[in-house]
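These protein sequences, in sequence, are chains S and Y.
Heads up, the first sequence is in this note's numbering, so the first residue is 1094 and it goes up one at a time.
Heads up, the second sequence is in this note's numbering, so the first residue is 1125 and it goes up one at a time.
I should point out that these hints are in silico values taken from the structure, not numbers from a laboratory.
Everything numeric in this text was worked out from a predicted model, so none of it was measured.
Positions of the beta carbon are idealized from the N, C-alpha and C atoms, including for glycine.
Keep in mind that the hints are not guaranteed to be accurate.
Okay, derived cross-link-like pairs now, PhoX-like style, lysine-lysine, Cα gap no bigger than 25 Å in a straight line [claimed, not checked]:
#1 Lys-1223/Y x Lys-1543/S
#2 Lys-1243/S x Lys-1223/Y
#3 Lys-1459/S x Lys-1422/S
#4 Lys-1543/S x Lys-1459/S
#5 Lys-1223/Y x Lys-1536/S
#6 Lys-1125/S x Lys-1223/Y
Cβ-to-Cβ under 8 Å is the rule here; a few derived chain Y residues that face chain S [as the list claims (entries may be wrong)]:
#7 Val-1128
#8 Ala-1129
#9 Val-1156
#10 Leu-1164
#11 Asn-1169
#12 Val-1182
#13 Ile-1183
#14 Gly-1216
#15 Leu-1219
Here is what each chain is made of, one letter per residue.
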Amino acid sequence: MSEFLLELFYIVGCITFIVGLKMLSSPDSARKGNTIAAAGMILAIIGTILFYRNEAGEPVGNIPWIIGGLVIGGGLGYLMAVKVQMTAMPQMVSFFNGTGGACSALIAAMELFSSPSTETGFLVVAYLGIGIGTITFSGSMVAFGKLDDKISDIRSRIMPYVNLVLFAVVFGLIGYATFAPQAMGDTAGWWLLGIALIYGILFVMPIGGADMPVVIALLNSLSGIAGAFGGLLYGNRIMLIGGILVGASGLILTALMCKAMNRSLMNVLIGNFGGGASGGGGAAGDQTIREATVNDVAIMCAYASKVAIVPGYGLAVAQAQHACHEFEKLLEDKGVDVYYAIHPVAGRMPGHMNVLLAEADVPYPKLVEMDDANPIMPNTDVVIVVGANDVVNPAAETDPGSPIYGMPVIKVWEAKSVIVMKRSMRPGYAGIENPLFFHERTKMLFGDAKDTMNKLIAELKTL
Amino acid sequence: MASVATFFLENQEMIFLVILAIFLGVEVISNVPAILHTPLMSGSNAISGVVIMGSIIVIGYADPNDTLQLVLGLLAVVLGTLNVVGGFAVTGRMLAMFKKRK
């Protein structure tokens, strides 16, 4: 009877995951989808505690320990989730992703060390669970540190080779330990833990800020795959299905992010971007830039009929999303049509800008995706670029020598005029010259994004 | 070859599940608009916390006198719950901000 009940709970759990994920793909149903999936998870946890039986038919023991763990983890997780600033969301997601990976690795390791089995199927699944779970853990924690500005990028020419070797060692060791189980015994598990930990750190270390969305999506996928191996190890269907669903959807998201940057996953992971090779732009010194004043910009916008705002990571750094929204509202009150044109990889994680602007109460129909924004650019009177750089770089279309050549960009230069808000003339994260700044329709407005926005707001109010 | 065949036959149900779930995962996600990428990622991240079932099973059958096993099991449960609760809570918070009209 209890086995029947357990499977019933698990089937309901699986259905909630699928329905929840499906609902997460539409803004109107997303919130409900999240709640449904969470309810399914709670159900599955309760089912496991009450109805799980081992081969001897015994129920789960050590209940106080289990409840204790649930309370500690749940309390901490909830507190962290509620306290975190919206701008710190990418690192929070990475952190939680890392704890899931650590959990996968830990349960796989405990199963491996406590079981005398040397069956090939068991060993390969256990080792893969340890390896991938550990890489997810250490990689996510480094990503967390980097996004939180606690760890800076470390790049060197030998790094890609070191990583290739480590990658080969991790999977070579898994193969060796699986097919020659007597050779190393339990020490293989320890070696694997250690090497995978180092590989996870070194593989995320050199990845630049502009590539972070790809890596975060990839790590998310890996945590699902690690979970699926846990499912195989324990013969547990809900772990398997939940893990695979996440693994597959994470891979799709990773592919989407790569496509948005016109780069292969290999290119992101091995990386030759901004590593010194991108000289380019030698003629920059001869070109002149035009500077605009706050007053000019306020008047231009107030008398325009269509204004676009293109946000980038600079907006997040300056926390300018609220000021941006206020500016947009003031313009709307004056009868100006305002929309936000958003590049898929703007910011540090997939969809970062949308979350920030939503936090500032911008209604989501105003957030226009790149592919929909580009056709309306020629009808837009003023485009304001706030802290974005590479995603509006015309060199991606015109200069085959540019490292970002071929990357889809927002064609702001097709609008009637462009205002670029920037702190200084320093190139963006990838270190690439941006001809947009010297374009005949472009004017620069220097200063911190938030300060400048506030000045614009003050100016607009006097008009 | 023979060992591959036996492995396949012994695990056919799991293999079918894996393959179907891969297609399902791809299908369910393929039409997500960019504005939902972050919540989708953190929501699916929370779902990957299903590994918590494994941690409950591990600690549930740990020897009550083996402190090391209990502590490691407890750690696994805490880590898994952090992932699940934190993930769903953060996603809920983000989604609460998406509004159609002010």
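Output the indices of the hints that this structure fails to meet, ascending.
Numbers 2, 5, 7, 8 - these are the hints that the structure violates, sorted from lowest upward.
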